[in-house]
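Colleague: With the hints as extra help, turn the sequences into a complete structure.
With the sequence shown counted from 1, adding 451 to any position gets you this note's numbering.
Since the hints were made in silico from the structure, they are not lab data. Misleading hints may appear alongside valid ones.
What the hints assert, rightly or not - Listed next, the in silico SDA-like pairs over lysine to any residue satisfying Cα-Cα at most 25 Å (straight line):
#	residue 1	residue 2
1	Lys-824	Glu-808
2	Lys-783	His-802
3	Lys-868	Thr-492
4	Lys-536	Asp-958
5	Lys-750	Val-678
6	Lys-583	Thr-955
7	Lys-779	Asn-518
8	Lys-464	Phe-690
9	Lys-662	Ala-696
10	Lys-462	Ile-475
11	Lys-549	Thr-559
12	Lys-479	Glu-712
13	Lys-750	Leu-960
14	Lys-877	Asn-495
15	Lys-908	Asn-731
16	Lys-612	Val-587
17	Lys-824	His-907
18	Lys-685	Phe-671
19	Lys-681	Lys-967
20	Lys-681	Asp-457
21	Lys-895	Glu-778
22	Lys-479	Thr-492
23	Lys-811	Lys-836
24	Lys-836	Ile-509
25	Lys-650	Glu-752
26	Lys-515	Met-801
27	Lys-772	Asn-734
28	Lys-923	Ser-463
29	Lys-772	Thr-955
30	Lys-464	Glu-476
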Amino acid sequence: MFSEKDIDQIKSKGLTLNKVTSQIELFKTGLPFVNLQSAATINNGILKFSEEDKKTAINLFDAKRNNYTIIKFVPASGAATRMFKSFFSFIEDYNPEKETVNAYINRTKESLLAVFFVGLEKLPFYNLILDKIEEVYPDYHNVSSDKQRYMFVKTMLETDKLNYGFYPKGLLPFHQYKEHIATAFEEHLFEAALYASSKSRANLHYTISEKYKDIFDDEFKKIQTIVERKTNTKFEISFSYQKEATDTIAVNLDNQPFRLEDGSLLFRPSGHGALLSNLNDLNSDIIFIKNIDNVVVFKYENEVSEYKKMLAGILIDIQTKAFEYLEKLENKQLSETEIIEIAKFLTNNMHVVISSEFEKYANEYQIEYLISKLNRPIRVCGMVKNEGEPGGGPFWVKDESGQISLQIVESAQINKKDKSQKEILKNATHFNPVDLVCGIIDYKGNKFNLEQFVDHKTAFITMKTKTGKDLKALELPGLWNGSMANWNTIFVEVPLITFNPVKTVTDLLKPTHQVK
Numbered sequence: 452m453f454s455e456k457d458i459d460q461i462k463s464k465g466l467t468l469n470k471v472t473s474q475i476e477l478f479k480t481g482l483p484f485v486n487l488q489s490a491a492t493i494n495n496g497i498l499k500f501s502e503e504d505k506k507t508a509i510n511l512f513d514a515k516r517n518n519y520t521i522i523k524f525v526p527a528s529g530a531a532t533r534m535f536k537s538f539f540s541f542i543e544d545y546n547p548e549k550e551t552v553n554a555y556i557n558r559t560k561e562s563l564l565a566v567f568f569v570g571l572e573k574l575p576f577y578n579l580i581l582d583k584i585e586e587v588y589p590d591y592h593n594v595s596s597d598k599q600r601y602m603f604v605k606t607m608l609e610t611d612k613l614n615y616g617f618y619p620k621g622l623l624p625f626h627q628y629k630e631h632i633a634t635a636f637e638e639h640l641f642e643a644a645l646y647a648s649s650k651s652r653a654n655l656h657y658t659i660s661e662k663y664k665d666i667f668d669d670e671f672k673k674i675q676t677i678v679e680r681k682t683n684t685k686f687e688i689s690f691s692y693q694k695e696a697t698d699t700i701a702v703n704l705d706n707q708p709f710r711l712e713d714g715s716l717l718f719r720p721s722g723h724g725a726l727l728s729n730l731n732d733l734n735s736d737i738i739f740i741k742n743i744d745n746v747v748v749f750k751y752e753n754e755v756s757e758y759k760k761m762l763a764g765i766l767i768d769i770q771t772k773a774f775e776y777l778e779k780l781e782n783k784q785l786s787e788t789e790i791i792e793i794a795k796f797l798t799n800n801m802h803v804v805i806s807s808e809f810e811k812y813a814n815e816y817q818i819e820y821l822i823s824k825l826n827r828p829i830r831v832c833g834m835v836k837n838e839g840e841p842g843g844g845p846f847w848v849k850d851e852s853g854q855i856s857l858q859i860v861e862s863a864q865i866n867k868k869d870k871s872q873k874e875i876l877k878n879a880t881h882f883n884p885v886d887l888v889c890g891i892i893d894y895k896g897n898k899f900n901l902e903q904f905v906d907h908k909t910a911f912i913t914m915k916t917k918t919g920k921d922l923k924a925l926e927l928p929g930l931w932n933g934s935m936a937n938w939n940t941i942f943v944e945v946p947l948i949t950f951n952p953v954k955t956v957t958d959l960l961k962p963t964h965q966v967k
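Modeller: So this is what it looks like as structure tokens:
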């Protein structure tokens, strides 16, 4: 199937022939849907904390945080293109000489445009765009309001003007304060000082596209002194890129390698699951994970950070007990009562489903079994009530070997043609806002190799096109989906205030992104 030239290309990406062949095999065999057992709900896989329990968890974290190394991991490689999807179409399709903006909105059902034009002056970059318009369209003030709107969008997006659609999302103007405009990158620093700092130092790691490295560096230099002074915190910023070795081969509809016009193989980035490799390179006791666009203006930051500290307090509490039990298990001097106590801890506190055969095992196998269940990375995940937002959700899932566990599942992984699976999906009460606190160090102080806890069967196959031809692409198991399938998982309800993503530009008009 592969020529010498192909093999050289594969090796130059840091991939192996074996890996590429097994990827092609996945296209041929297809990937199974997940087998949902039930939706995780309050008291059935999702914890709901009282105000008192919340305070206890926060106090525990605040008391212990200086004993831990902490890092905040922010996936930030996306460009802002999707935020402006409707607006790119508008520039292309709209002719101000032939119809009004309202007629265009009615014709195309682009309701986002209507919201955008009504809230125009509240956008963080409103004045920046007006300043640029004065430069490029001297007649701006003498044309009709429809033409002005058209000029506004063109100035915002066109490559020879402000080019916002191709900015990294993290560096787009997000929040308009009295004295300055803050980016999402900057807001993550302020937040990190509140909950992801230890001994007045905060470490942040951003995964970005390599081409944006210099602009991120420049932005940090510009704001570092002010942010450090305001937060009384020293910041250590590091960056990494999605590795070429995580790209996956594309195939045509006959599952043969897809070739470009020059005969070379086509490899594609493999989704956020590729970032497991970046996460695995970090070495820290506690890792907070949060997406780049999920930030709030300053007045809401304390409230949001309380829930982050609560999740971290839960992690510390659970992990401390798990480590104590693992040390006891390692010494193998346990009574039957102690073994039952540990099994109950796994079931009640960590939501681990213990084998129905467990009681029949000999003592030494019970100990081995408990060690294998306890000695894993831990993630505590905030879950918000489902308000119809797209995205994955928390479910009880049965794997191919019959093991039942808590998982974050994307709707693309569910067979919606199966009535019972569709019914379980319909009964879901919560969804995943990507709000994780992770413990990746074992009880002996060694870092887990996170690659060993992936369920490779939870990859996705998607349909794409290249140069007008159909192809099949492979996405690796999502970072917080199949990539963490074999972690110990604790789901905790958090309020909607903790989830403020900016998926479209009009999301910046929501209260949590407005200073006034």
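Colleague: Are the hints correct? Go through all of them and say.
Modeller: Verification of the hints:
1. Lys-824 <-> Glu-808: holds, 15 Å
2. Lys-783 <-> His-802: Status holds; Cα separation ~24 Å.
3. Lys-868 <-> Thr-492: holds, 23 Å
4. Lys-536 <-> Asp-958: holds, 13 Å
5. Lys-750 <-> Val-678: Cα-Cα ~16 Å, so holds.
6. Lys-583 <-> Thr-955: At roughly 22 Å apart (the allowed maximum being 25 Å), Thr-955 and Lys-583 satisfy the hint.
7. Lys-779 <-> Asn-518: Roughly 23 Å separates the two Cα atoms, so the pair holds.
8. Lys-464 <-> Phe-690: Roughly 20 Å separates the two Cα atoms, so the pair holds.
9. Lys-662 <-> Ala-696: holds, 18 Å
10. Lys-462 <-> Ile-475: holds, 16 Å
11. Lys-549 <-> Thr-559: Cα-Cα ~15 Å, so holds.
12. Lys-479 <-> Glu-712: Measuring from Cα to Cα gives roughly 24 Å; hence the hint holds.
13. Lys-750 <-> Leu-960: holds, 16 Å
14. Lys-877 <-> Asn-495: Answer holds: Lys-877 to Asn-495 is near 16 Å, not above 25 Å.
15. Lys-908 <-> Asn-731: Measuring from Cα to Cα gives roughly 20 Å; hence the hint holds.
16. Lys-612 <-> Val-587: holds, 8 Å
17. Lys-824 <-> His-907: The given pair, whose Cα atoms are some 19 Å apart, holds under the 25 Å limit.
18. Lys-685 <-> Phe-671: Holds - the C-alpha atoms of Phe-671 and Lys-685 are around 12 Å apart, at most 25 Å.
19. Lys-681 <-> Lys-967: Between Lys-681 and Lys-967 the Cα gap is close to 21 Å, so the pair holds against 25 Å.
20. Lys-681 <-> Asp-457: violated, 54 Å
21. Lys-895 <-> Glu-778: Roughly 9 Å between the alpha carbons, so the hint for Lys-895 and Glu-778 holds.
22. Lys-479 <-> Thr-492: Violated. Lys-479 to Thr-492 sits at ~36 Å, over the 25 Å cutoff.
23. Lys-811 <-> Lys-836: Violated, because 40 Å separates the two Cα atoms, which is more than 25 Å.
24. Lys-836 <-> Ile-509: OK: Lys-836 and Ile-509 at ~22 Å, within 25 Å.
25. Lys-650 <-> Glu-752: Satisfied, since the Cα-Cα distance of roughly 20 Å is no more than 25 Å.
26. Lys-515 <-> Met-801: Roughly 21 Å separates the two Cα atoms, so the pair holds.
27. Lys-772 <-> Asn-734: holds, 21 Å
28. Lys-923 <-> Ser-463: holds, 22 Å
29. Lys-772 <-> Thr-955: violated, 43 Å
30. Lys-464 <-> Glu-476: holds, 20 Å
Hint compliance for this structure: hints 20, 22, 23 and 29 are not met, and every other hint is.
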